[in-house]
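Participant: In order, the protein sequence lines correspond to chains Y and X. Residues in the first sequence are numbered consecutively from 1, following this note's numbering. Residues in the second sequence are numbered consecutively from 1, following this note's numbering.
Derived by calculation from the structure, the hints in this document are not laboratory data. Just so you know, even glycine gets a beta-carbon here, dropped at the ideal spot from N, CA and C. Some hints could be false.
[As the list claims (entries may be wrong)] 25 Å max Cα-Cα, derived DMTMM-like pairs, lysine to aspartate or glutamate:
1. X:Lys242 with Y:Glu125
2. Y:Lys183 with Y:Asp208
3. X:Lys12 with Y:Glu125
4. X:Lys156 with Y:Asp208
5. X:Lys74 with Y:Glu95
6. X:Lys241 with Y:Glu95
7. Y:Lys110 with Y:Glu84
8. Y:Lys134 with X:Asp17
9. X:Lys241 with Y:Glu7
10. X:Lys242 with Y:Asp208
11. X:Lys74 with Y:Glu125
12. X:Lys242 with Y:Glu194
[Said to hold, decoys possible] Calculated Cβ distances over 10 Å to all of chain X for the following chain Y residues:
13. Glu30
14. Ser50
15. Phe61
16. Lys75
17. Glu113
18. Ala148
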Amino acid sequence: MVAVKLENLTKKYKDVVAVDRLSLDIEEGELFALLGVNGAGKTTAIKMLSCLTAPTEGDAFLLGKSICRESADIKAFIAVSPQETAIAPGLSVRENLSLMCGIHGFSREKKDEKIRELTEQLSLESVLDRRAGKLSGGWQRRLSIAMALISEPRILFLDEPTLGLDVLARSELWDIIRALKGKVTILLTTHYMEEAEALSDRLAILKDGKLLMCDTPDGIKAATGEDSIEKAFIRVVKEAKK
Amino acid sequence: MRTLTFGGRNFKEILRDPLNLCFLFGFPIVLLLLLSAIQANIPVSLFEIEQLSPGIAVFGLSFMTLFAATLIAKDRQSSFMHRLYTTPMTPADFILGYTLPLLPIALAEGVVCFAFALILGLKLSINVLLSLIFLLPVALLYIAIGLLCGSVLSDKQVGGICGALLTNLSAWLSGIWFDLDLVGGVFKKIAYALPFVHAVEMERAVLVGNFPAALPHLWWVLGYAAATLIAAILLFLHQMKKQ
Numbered sequence: 001m002v003a004v005k006l007e008n009l010t011k012k013y014k015d016v017v018a019v020d021r022l023s024l025d026i027e028e029g030e031l032f033a034l035l036g037v038n039g040a041g042k043t044t045a046i047k048m049l050s051c052l053t054a055p056t057e058g059d060a061f062l063l064g065k066s067i068c069r070e071s072a073d074i075k076a077f078i079a080v081s082p083q084e085t086a087i088a089p090g091l092s093v094r095e096n097l098s099l100m101c102g103i104h105g106f107s108r109e110k111k112d113e114k115i116r117e118l119t120e121q122l123s124l125e126s127v128l129d130r131r132a133g134k135l136s137g138g139w140q141r142r143l144s145i146a147m148a149l150i151s152e153p154r155i156l157f158l159d160e161p162t163l164g165l166d167v168l169a170r171s172e173l174w175d176i177i178r179a180l181k182g183k184v185t186i187l188l189t190t191h192y193m194e195e196a197e198a199l200s201d202r203l204a205i206l207k208d209g210k211l212l213m214c215d216t217p218d219g220i221k222a223a224t225g226e227d228s229i230e231k232a233f234i235r236v237v238k239e240a241k242k
Numbered sequence: 001m002r003t004l005t006f007g008g009r010n011f012k013e014i015l016r017d018p019l020n021l022c023f024l025f026g027f028p029i030v031l032l033l034l035l036s037a038i039q040a041n042i043p044v045s046l047f048e049i050e051q052l053s054p055g056i057a058v059f060g061l062s063f064m065t066l067f068a069a070t071l072i073a074k075d076r077q078s079s080f081m082h083r084l085y086t087t088p089m090t091p092a093d094f095i096l097g098y099t100l101p102l103l104p105i106a107l108a109e110g111v112v113c114f115a116f117a118l119i120l121g122l123k124l125s126i127n128v129l130l131s132l133i134f135l136l137p138v139a140l141l142y143i144a145i146g147l148l149c150g151s152v153l154s155d156k157q158v159g160g161i162c163g164a165l166l167t168n169l170s171a172w173l174s175g176i177w178f179d180l181d182l183v184g185g186v187f188k189k190i191a192y193a194l195p196f197v198h199a200v201e202m203e204r205a206v207l208v209g210n211f212p213a214a215l216p217h218l219w220w221v222l223g224y225a226a227a228t229l230i231a232a233i234l235l236f237l238h239q240m241k242k243q
């Protein structure tokens with residue numbers, strides 16, 4: 001079943017076309033990566049799909065619901081972990097999780113259960129009562145993802161989830177994201193090639209808002225004749241310049 | 001439920017900042033002490049405790065603007081607001097969630113201020129309690145100004161405009177520190193066209209039980225509070241849509 005369907009999705013800011021007639025299908029349970037350099041249109045695409053900004057042209061359908069006409073319905077089954085860490089810094093980790101439970105209208109029992117479940121899933125026990133604003137970048141990102149998962153989303157948007165993290169923190173987050181594969185449809189943006197290759201079922205290469213190529217990591221390597229996604233990415237982007 | 005949850009978060013964020021607590025409870029006490037000491041040495045009718053305490057209680061509320069504006073501006077500039085925009089939270093949840101938690105904080109500031117004034121010689125009467133109740137529309141006015149500023153300014157701009165400019169303006173134009181008749185002319189006209197002096201004179205009238213004198217000032221405060229709140233809501237919605 002198609003979970004996310006983009007139909008000529010376009011976003012223009014005055015004379016700049018941030019996303020240019022993007023059309024894609026993402027299957028339910030798939031981990032799909034949008035790959036591109038800075039300014040490729042990845043974050044803008046995520047913002048449109050998560051109903052934060054309206055498309056200039058085109059439309060996208062999340063589980064059959066239009067982002068242009070049914071954003072309230074869509075917000076009930078999506079979650080976003082934005083590029084910058086999106087936490088309430090003055091609250092503890094537990095309070096941040098509790099806040100998201102309250103916003104989603106969970107009962108006390110369900111709230112306690114979700115906090116326990118996510119604390120375990122993301123190994124947050126040791127920092128549960130610490131002020132979120134005082135945690136390291138890796139822990140904050142982990143909390144940010146936990147806050148996104150608390151509503152049991154069917155579609156999860158992860159915008160540059162490991163940006164700025166050290167090697168160890170990145171590896172730990174990869175494990176967490178891998179554990180979600182198959183359970184949630186994940187749309188991930190990244191400009192780390194190895195991340196896209198390690199995590200995604202399929203990936204799309206974007207440049208200047210345009211879709212250049214979309215396939216499995218192996219399919220992209222085969223199509224370009226390269227032995228790594230990084231080399232394949234460089235070839236695809238350079239050829240698009242010509 | 002969502003409003004209360006979000007309001008609870010805002011309440012905690014404000015009260016967990018030690019600097020906010022200093023401004024909230026420390027500053028009015030220091031001012032009351034200082035001006036009462038001046039009054040003890042050089043008697044000035046304006047600094048008599050019945051005149052001074054309502055003024056300081058109103059002036060203390062100007063920090064509500066700073067708290068509200070800083071919190072909203074920081075949330076707007078961070079990805080936290082983006083996250084909340086993708087949840088089922090409605091514009092009403094946001095606006096009420098920022099406004100409601102500041103009302104008990106404002107009331108607590110008033111309680112501390114009048115309690116300290118009682119120690120300094122203010123007579124305990126039912127009017128003290130009524131003065132606290134009449135502080136609420138004033139608090140709403142300052143919170144609305146905070147919503148307005150937080151919706152359009154960055155957190156750095158908020159510090160300058162709400163922290164320095166507004167607190168000074170509301171102090172000079174309120175008749176707390178000096179009698180506006182001493183300056184007179186255009187200055188006095190401007191002061192009476194703005195709500196700050198009306199808030200102070202309303203509180204002074206309520207504290208001495210002169211309610212007929214308080215009412216005209218109450219309309220000024222309520223009018224400004226309503227107009228500012230409507231403007232703040234429209235601006236906040238505009239920003240939300242723009243996002």
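Participant: Could you run down the list of hints and mark each one as holding or not?
Facilitator: Hint check results:
Taking the CA atoms of Lys242 (chain X) and Glu125 (chain Y), the gap is about 38 Å. The hint is violated against a cut of 25 Å. With a CA separation close to 32 Å, the supplied pair Lys183 (chain Y) and Asp208 (chain Y) exceeds the 25 Å bound. With a C-alpha separation of about 22 Å, the suggested pair Lys12 (chain X) and Glu125 (chain Y) falls inside the 25 Å cut-off, and the hint holds. Taken as a hint, the Lys156 (chain X) and Asp208 (chain Y) pair is broken in the structure, with Cα atoms around 33 Å apart against an allowance of 25 Å.
Distance check on the hinted pair: Lys74 (chain X) and Glu95 (chain Y) sit about 19 Å apart at the alpha-carbon level, within 25 Å; holds. Taken as a hint, the Lys241 (chain X) and Glu95 (chain Y) pair is broken in the structure, with Cα atoms around 28 Å apart against an allowance of 25 Å. Distance restraint check for Lys110 (chain Y) and Glu84 (chain Y): the Cα-Cα separation of roughly 28 Å exceeds the 25 Å cut-off, and the hinted pair is therefore not satisfied. With a CA separation close to 13 Å, the supplied pair Lys134 (chain Y) and Asp17 (chain X) stays within the 25 Å bound.
Proposed proximity of Lys241 (chain X) and Glu7 (chain Y) is supported: the alpha carbons are some 23 Å apart, at most 25 Å. Restraint check: the Cα-Cα separation between Lys242 (chain X) and Asp208 (chain Y) comes to about 23 Å, which is no more than 25 Å; the hinted pair holds. Restraint check for Lys74 (chain X) and Glu125 (chain Y): the C-alpha separation of about 28 Å exceeds 25 Å, so the hint is violated. Only pairs whose Cα atoms come within 25 Å are accepted, and Lys242 (chain X) paired with Glu194 (chain Y) is rejected, the gap being roughly 35 Å.
With a least CB separation of 20 Å from chain X, Glu30 (chain Y) remains clear of the 10 Å interface cut-off, as annotated. Not every CB of chain X is more than 10 Å from the CB of Ser50 (chain Y) (nearest about 5 Å), against its label as outside the interface. Separation of Phe61 (chain Y) from chain X is adequate, the least Cβ-Cβ distance of about 17 Å exceeding the 10 Å criterion. At the 10 Å boundary, the C-beta of Lys75 (chain Y) falls inside the reach of chain X, the nearest C-beta of that chain being 5 Å off.
At roughly 17 Å, the least C-beta separation between Glu113 (chain Y) and chain X is larger than 10 Å, which holds for a residue marked as non-interface. Not every C-beta of chain X lies more than 10 Å from that of Ala148 (chain Y), the closest at about 8 Å, which undercuts listing it as non-interface.
Hints 1, 2, 4, 6, 7, 11, 12, 14, 16 and 18 from the list above are not met by this structure, while the remaining hints are.
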